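Next come the chains, spelled out residue by residue.
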Amino acid sequence: DTGVSQDPRHKITKRGQNVTFRCDPISEHNRLYWYRQTLGQGPEFLTYFQNEAQLEKSRLLSDRFSAERPKGSFSTLEIQRTEQGDSAMYLCASSLGLAGGSEQYFGPGTRLTVT
Amino acid sequence: KNEVEQSPQNLTAQEGEFITINCSYSVGISALHWLQQHPGGGIVSLFMLSSGKKKHGRLIATINIQEKHSSLHITASHPRDSAVYICAVTGNQFYFGTGTSLTVIP
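Each protein sequence line maps, in turn, to chains W and D.
Going by the working numbering, the first sequence opens with residue 1, and the numbers climb by one from there.
Going by the working numbering, the second sequence opens with residue 1, and the numbers climb by one from there.
To be clear, the hints were calculated from the coordinates, so they are not data collected in a lab.
Just so we're clear, the structure is a prediction, and the values are computed from it rather than from any experiment.
Any given hint could be a false lead.
Computed footprint of chain W on chain D; a stretch qualifies when at least three of its residues, placed anywhere within it, have a C-beta under 8 Å from a C-beta of chain W [unchecked claim]:
(1) 24-33
(2) 43-56
(3) 90-100
Just so you know, even glycine gets a beta-carbon here, dropped at the ideal spot from N, CA and C.
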């Protein structure tokens, strides 16, 4: 257990439905990251927050994806009008926001299956 | 072309062997990370490097900034080291390699 939690751990949804995932980072970490990982591939960066500010978004993050971190603590990732191609593991990580980078602590992930 | 390339993709070793996994990257970075992922499990950070060399127990990570290359070494490998090892770089963007799947046979 790294101290980063994600909910739910598994989600099965029908194509076209909206889904929302939650990530609770380590409390003193001000950076929070979202990644997506498909089977047999390495993770892909989606977005990251410094406190409540969303500082970077990947081109992979289409208009159907939105992420928030309203109080600089937990974060949510919403996918609207899900498609089968959205099926993946969604990973959250947190870190201290140190200059030059800092170690990231990963949550267990939320596995999304779109049928 | 991937910004982060790892080799080999798959590696099988006998218990006790010395193992090396390589990572090359093509972008400017502020740090390089080595991560471990067990089947069905979460990701654990092993090292974060911006220069030189780090050692944790039987694991050693090195980085050569000029050559844009890093290596992860495992000494006296053990079956519990079987996992996927992922190289990732952070800078202006975040890039991950596709991972090296290591199997250590008793």
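key: Earlier hints that do not hold, by number   = none
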